[in-house]
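> Each protein sequence line maps, in turn, to chains A and B.
If you're matching positions, the first sequence starts at 70 in this note's numbering and goes up one per residue.
If you're matching positions, the second sequence starts at 22 in this note's numbering and goes up one per residue.
Errors might be hidden in some of the hints.
Per the computed footprint, the stretches of chain B lying under chain A, defined by three or more beta-carbons under 8 Å from a beta-carbon of chain A, are [what the hints assert, rightly or not]:
#, stretch
1, 180-193
2, 213-222
3, 227-236
4, 248-256
Among the chain B residues that face chain A by a calculated CB cut under 10 Å, a handful are [stated by the list, open to error]:
#, residue
5, I155
6, G201
7, V270
8, H273
These aren't lab readings, by the way, just hints derived from the structure by calculation.
All residues carry an ideal CB built from backbone N, CA and C; glycine is no exception.
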Amino acid sequence: MTINGKKTTINYQTINDIITSLQIIAANTVFTINSEIVDPSDYDQSLSEDDIIEIINFTSGG
Amino acid sequence: MVINLNYEQVEIAANSTVAQVITKFNLTNIDLININGVNCQSTAILAPNDNLLALNKAAILDSDLIAKATMARNDTSLINYFLKLNIVICGCGGIGSNIARMATQLGIGNITLIDFDLVDPTNLNRQMYTINHIGQPKIYVLQQYLQQINPRLNVKTIDTTITADNIDRLISGYDFVFEGFDTPHMKALIVQSAMRTKAQLICANGMAGIKPASKITTRQISQNIYMCGDFYSNVQPHEGLMAPQVNLVASHMVNKLLELCKERNNNE
């Protein structure tokens, strides 16, 4: 799968796996799979090898 | 031939100059001349259906004329489109208050402001507030300010804290939703809400510190969601959250609105 434009050899099973492995603060983050935003209730859905995943990490300030 | 002089149709001779029109209609002390949105000299030659503004800057008293002339420098093809547009601004701080000002300057007819907060001294370095406003609710101060730019603006205020429980309802029913929160979890929350509600969202992400203006960009993150900012900077001790970067991001956000409206207006 591809994460943030880079191919990864790590076989993440779910978005939750990515959150845990990369120590992401889920509440500050939005994930897209193949340009579709993932609802947090679907973070345990299975990922496929072809998926293109983007991690959008929001920052403070406004 | 027919032209519009100060928003009224008048008949003038072909190839008349502005000076000749000023004389013909006994206009006095004219020091603002604008044809079709461009400031001109009195020697300019008029063409049929031109929109000519010929005013004395110190003597514009008619509120109807002020309201129309306020929009004279805007894209004329979007005036009617913007009058009907209905937007909501979630958070009226650095991003939200500047978006509100620019949206009003564009002539957008309907703006809803949502915020729970009062103006405090740390807001004044980047937000549309002054010392006199400290301690007052942001939404009411901003409402008054916007109506001084455009008295015909329909501006609604919602004095509330946006939460996971009310966000879907609060952002539904508008043509565009602007995000102006200052915490990352609220930014993520509104993006997820826009995903569920299909709201057309323009949000901000990354505007802290000092960096080249070119680092601020706009990108589409899904069919109905755009994001503006540098996408990485966080507010850090001593590094600041300052007017230039905040205004750049707010300008990107309203500029995206302009682009989308122009495109949609052309397609209608």
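> Okay, which hints does this one fail, numbers in order?
1, 5 and 8
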